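Engineer: Chain residues, written in single-letter form:
Number of protein chains: 2
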Amino acid sequence: MVKKNFDGILLTQFNNIKYISNYYPTSSAICLFKENPVIYTTAMDKELADETSLIEVKELKSISDLKKVFKEESLKKIAIEGNLPISYYKKLEGSKSKNEKWELAIENFLEKERMIKSPNEIEKIRNATNIAHKSFEELVIREKQEKRFTDWEIAYELGYLMRNNGASEESFETIVATDKNSSLPHAPMGNKKLGNIILMDWGAKYNGYCSDTSRTMIEDNDKKQKEIFDIVFEAYKKSIKGTKSGVKTCEIDNIARSVISGYGYKDKFIHSTGHSLGLNIHETPSISTQDGTVLEENMVITIEPGIYLEGEFGVRIEDTVIVGKNGVEVIGKLPHEI
Amino acid sequence: MVKKNFDGILLTQFNNIKYISNYYPTSSAICLFKENPVIYTTAMDKELADETSLIEVKELKSISDLKKVFKEESLKKIAIEGNLPISYYKKLEGSKSKNEKWELAIENFLEKERMIKSPNEIEKIRNATNIAHKSFEELVIREKQEKRFTDWEIAYELGYLMRNNGASEESFETIVATDKNSSLPHAPMGNKKLGNIILMDWGAKYNGYCSDTSRTMIEDNDKKQKEIFDIVFEAYKKSIKGTKSGVKTCEIDNIARSVISGYGYKDKFIHSTGHSLGLNIHETPSISTQDGTVLEENMVITIEPGIYLEGEFGVRIEDTVIVGKNGVEVIGKLPHEI
Numbered sequence: 001m002v003k004k005n006f007d008g009i010l011l012t013q014f015n016n017i018k019y020i021s022n023y024y025p026t027s028s029a030i031c032l033f034k035e036n037p038v039i040y041t042t043a044m045d046k047e048l049a050d051e052t053s054l055i056e057v058k059e060l061k062s063i064s065d066l067k068k069v070f071k072e073e074s075l076k077k078i079a080i081e082g083n084l085p086i087s088y089y090k091k092l093e094g095s096k097s098k099n100e101k102w103e104l105a106i107e108n109f110l111e112k113e114r115m116i117k118s119p120n121e122i123e124k125i126r127n128a129t130n131i132a133h134k135s136f137e138e139l140v141i142r143e144k145q146e147k148r149f150t151d152w153e154i155a156y157e158l159g160y161l162m163r164n165n166g167a168s169e170e171s172f173e174t175i176v177a178t179d180k181n182s183s184l185p186h187a188p189m190g191n192k193k194l195g196n197i198i199l200m201d202w203g204a205k206y207n208g209y210c211s212d213t214s215r216t217m218i219e220d221n222d223k224k225q226k227e228i229f230d231i232v233f234e235a236y237k238k239s240i241k242g243t244k245s246g247v248k249t250c251e252i253d254n255i256a257r258s259v260i261s262g263y264g265y266k267d268k269f270i271h272s273t274g275h276s277l278g279l280n281i282h283e284t285p286s287i288s289t290q291d292g293t294v295l296e297e298n299m300v301i302t303i304e305p306g307i308y309l310e311g312e313f314g315v316r317i318e319d320t321v322i323v324g325k326n327g328v329e330v331i332g333k334l335p336h337e338i
Numbered sequence: 001m002v003k004k005n006f007d008g009i010l011l012t013q014f015n016n017i018k019y020i021s022n023y024y025p026t027s028s029a030i031c032l033f034k035e036n037p038v039i040y041t042t043a044m045d046k047e048l049a050d051e052t053s054l055i056e057v058k059e060l061k062s063i064s065d066l067k068k069v070f071k072e073e074s075l076k077k078i079a080i081e082g083n084l085p086i087s088y089y090k091k092l093e094g095s096k097s098k099n100e101k102w103e104l105a106i107e108n109f110l111e112k113e114r115m116i117k118s119p120n121e122i123e124k125i126r127n128a129t130n131i132a133h134k135s136f137e138e139l140v141i142r143e144k145q146e147k148r149f150t151d152w153e154i155a156y157e158l159g160y161l162m163r164n165n166g167a168s169e170e171s172f173e174t175i176v177a178t179d180k181n182s183s184l185p186h187a188p189m190g191n192k193k194l195g196n197i198i199l200m201d202w203g204a205k206y207n208g209y210c211s212d213t214s215r216t217m218i219e220d221n222d223k224k225q226k227e228i229f230d231i232v233f234e235a236y237k238k239s240i241k242g243t244k245s246g247v248k249t250c251e252i253d254n255i256a257r258s259v260i261s262g263y264g265y266k267d268k269f270i271h272s273t274g275h276s277l278g279l280n281i282h283e284t285p286s287i288s289t290q291d292g293t294v295l296e297e298n299m300v301i302t303i304e305p306g307i308y309l310e311g312e313f314g315v316r317i318e319d320t321v322i323v324g325k326n327g328v329e330v331i332g333k334l335p336h337e338i
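Respectively, the protein sequence lines represent chains A and B.
For the first sequence, counting from 1, position 153 maps to 153 in full-length UniProt numbering; every step adds exactly one.
For the second sequence, counting from 1, position 167 maps to 167 in full-length UniProt numbering; every step adds exactly one.
Read the hints as simulated data drawn from the structure, not as lab findings.
Hints may contain errors.
Which copy? The list can't say, so a pair holds if one copy fits it or any two copies do.
Straight-line alpha carbon distances no greater than 30 Å define the calculated BS3-like cross-link-like pairs of lysine-lysine that follow [to be verified]:
#1 K58 to K192
#2 K238 to K61
#3 K268 to K61
#4 K61 to K248
#5 K18 to K98
#6 K193 to K96
#7 K71 to K34
#8 K224 to K34
#9 K226 to K237
#10 K67 to K90
#11 K226 to K134
#12 K134 to K147
#13 K46 to K180
#14 K90 to K238
#15 K144 to K223
#16 K244 to K147
#17 K333 to K180
#18 K68 to K34
#19 K61 to K134
Note that the structure is a prediction, hence the values are computed from the model and not measured.
All chains should be modelled from the sequences, with the hints used to inform the complete structure.
Structural biologist: See below:
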């Protein structure tokens with residue numbers, strides 16, 4: 001902060017406010033991060049903030065009132081987060097009078113801080129993953145497939161099991177994609193009975209931290225499904241093997257992409273190889289072609305190559321890993337062939 | 001659009017994209033709304049967009065590529081939505097070269113369009129509300145209270161019932177606030193056994209449209225709870241009675257606030273009296289002190305006064321109503337005293 005010559009930083013991402021204060025807003029809130037950071041929140045959220053925040057909480061009626069705060073605190077150069085909606089930014093800038101001296105600059109301050117996880121954060125991600133895996137095993141998906149349960153019934157039961165095992169909620173909306181729906185990486189839930197291939201992508205949230213896992217259950221005797229599964233699994237294993245501190249994220253993406261391209265499915269791998277996660281399910285960096293971040297120890301990322309054959313089916317295999325000096329630790333021991 | 005002298009509008013809110021095209025994005029997408037509107041989406045979402053969109057779909061690799069689109073389409077003055085993150089805006093503006101002539105202006109174009117609901121939209125909100133109410137009745141909350149179920153078990157069972165009755169999902173995270181947790185308007189879920197007062201706020205989503213209802217179940221012989229319940233119910237009934245086309249939203253808010261203030265609880269009504277809803281659970285206008293919107297026929301809004309006694313308990317009563325010429329139609333017939 002001193003180096004950048006900012007007097008204060010306005011945090012607007014709810015997970016950054018949680019990271020700083022332990023309070024997670026339910027309506028709107030801002031954290032002014034300076035020597036003594038302060039939360040500004042609505043009257044409606046004040047009691048919850050008072051109960052959960054580790055730092056001082058004040059009430060703010062309107063975003064324009066921030067100007068008074070800038071004056072009271074003698075703030076001249078203030079960093080704001082890039083997620084601030086343009087309309088808020090313009091409202092604040094537009095209300096500035098000639099004799100006011102403050103200026104706003106975009107700075108994604110905590111994004112970098114949050115890339116490296118503390119032992120405490122890693123423990124929470126580990127717990128979230130264990131809950132997610134245990135719940136998946138309790139679901140006994142193959143049995144549900146025989147009984148022709150529907151996609152949303154599966155997602156719903158898995159959600160119940162995860163909560164029952166200690167999760168506060170899902171870390172994102174569970175994907176249960178069956179038959180040709182599995183060729184959509186983010187298949188929306190329908191009311192489809194489970195068919196002969198099932199792609200699932202799910203996660204638990206534990207003390208605010210996310211887990212993220214995908215498995216694809218293919219049919220026993222389907223050669224095409226087996227071929228695609230094996231290619232994705234090879235891409236998965238080679239990317240895992242190539243991941244360690246000092247390596248660039250785009251290099252890992254390239255490992256997965258090369259395997260899949262080598263088999264002629266280059267155009268069918270239609271997303272990046274992975275992403276960092278923590279309080280958010282998607283954090284910086286992404287493990288993608290255009291990202292040049294050098295991995296460091298205690299980053300926590302997903303590895304999730306996939307192949308999607310439009311109108312036919314799709315396969316994705318995903319685990320969450322902790323980056324180490326000489327390799328990674330894959331969190332959990334959930335089998336890949338189910 | 002012609003009046004405002006825009007060549008095109010960039011829609012970035014997912015629900016506006018759904019409103020125009022029927023496609024709901026799962027990653028990132030933009031709709032360029034001009035004579036022939038076009039969706040630009042990611043490779044990952046392309047198949048889903050092709051399947052569900054009623055308008056043309058193209059792929060866009062990066063937000064900077066929009067510049068090429070502006071050139072191809074000879075767009076000079078482009079409206080953008082206020083929800084666009086400031087970082088995206090700056091990226092696009094920053095990539096502009098000297099000989100490029102386009103400029104961006106903030107305009108919340110569809111917000112006004114979406115305020116008045118079509119008969120088809122009203123039918124969907126009605127269906128969503130019926131599903132939510134039927135499911136609540138099937139839940140038999142008083143029985144669950146006796147059996148000391150926990151808050152999340154109730155929320156979860158209600159979610160199951162709503163899906164079973166035809167909802168695609170909840171329209172927002174269900175609130176089940178018991179005992180002193182009910183004094184938090186947006187109480188986060190704990191793992192608390194149901195006590196002697198329960199405040200619930202829930203909604204179903206049906207074909208993209210939301211419902212929104214709150215009920216508070218007080219204890220039979222608690223005088224204080226009964227006193228507060230009666231005040232909130234009076235505020236609810238008087239606001240409902242005062243709502244019709246031609247009335248300003250702040251006037252309705254004032255009706256509810258005056259009743260509550262009259263009994264000395266002015267500072268305990270810590271949110272606005274209601275909000276419009278539709279594809280979003282919160283739409284423009286809000287029924288609040290500072291909003292001057294004049295109600296029109298076929299707006300659909302909530303009326304939801306509440307009193308929150310910190311550390312004790314809270315009461316909120318909420319229904320969704322359709323604004324008419326001479327009054328409102330309250331959607332559903334769910335009793336208020338349960």
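Engineer: Compare the structure with each hint and give your call.
Structural biologist: Each hint tested on the structure:
In this assembly of identical chains, the alpha carbons of K58 and K192 lie at most 30 Å apart only when taken from different copies (28 Å versus 49 Å within one copy). When the C-alpha separation of K238 and K61 is checked against a cutoff of 30 Å, the pair qualifies only between copies, where the shortest distance is 27 Å, while the shortest distance within a copy is 53 Å. For the homomeric pair K268 and K61, the shortest alpha-carbon distance between copies (16 Å) is at most 30 Å, but the shortest distance inside one copy (50 Å) is not. In the homo-oligomer, the alpha carbons of K61 and K248 lie at most 30 Å apart only across protomers (21 Å), although the nearest pairing inside one protomer, at 45 Å, exceeds that limit.
Taking the shortest Cα distances, K18 and K98 never come within 30 Å of each other, neither inside one copy (35 Å) nor across copies (42 Å). Proximity of K193 and K96 under a CA criterion of 30 Å is satisfied in neither setting, with 58 Å inside one chain copy and 50 Å between copies. For the homomeric pair K71 and K34, the shortest alpha-carbon distance inside one copy (14 Å) is at most 30 Å, but the shortest distance between copies (44 Å) is not. Taking the closest pair of Cα atoms, K224 and K34 never come within 30 Å of each other, the shortest separation being 58 Å inside a single copy and 43 Å across copies.
In the homo-oligomer, the alpha carbons of K226 and K237 lie at most 30 Å apart inside one protomer (16 Å), although the nearest pairing across protomers, at 63 Å, exceeds that limit. When the C-alpha separation of K67 and K90 is checked against a cutoff of 30 Å, the pair qualifies both within a copy, at 13 Å, and between copies, at 22 Å. For a Cα distance limit of 30 Å, the shortest separation of K226 from K134 inside one copy, 26 Å, qualifies, whereas the shortest one across copies, 45 Å, does not. When the C-alpha separation of K134 and K147 is checked against a cutoff of 30 Å, the pair qualifies both within a copy, at 21 Å, and between copies, at 28 Å.
Taking the shortest alpha-carbon separations for K46 and K180, only the inter-copy value of 15 Å comes in at or below 30 Å, while the best intra-copy value is 48 Å. In this homomeric assembly, K90 and K238 never come within 30 Å of each other (Cα to Cα): the closest approach is 47 Å inside a single copy and 38 Å across copies. Only within a single protomer do K144 and K223 lie at most 30 Å apart by alpha-carbon distance; the minimum there is 23 Å, versus 50 Å between protomers. Proximity of K244 to K147 under the C-alpha cut-off of 30 Å is found in neither arrangement, the shortest distances being 43 Å within a copy and 52 Å between copies.
In the homo-oligomer, the alpha carbons of K333 and K180 lie at most 30 Å apart inside one protomer (28 Å), although the nearest pairing across protomers, at 42 Å, exceeds that limit. In this homomeric assembly, K68 and K34 come within 30 Å of each other (Cα to Cα) only inside a single copy, at 16 Å, whereas the closest approach across copies is 41 Å. For the homomeric pair K61 and K134, neither the shortest alpha-carbon distance inside one copy (45 Å) nor that between copies (38 Å) is at most 30 Å.
Comparing the model with each earlier hint shows violations of hints 5, 6, 8, 14, 16, 19; every other hint is respected.
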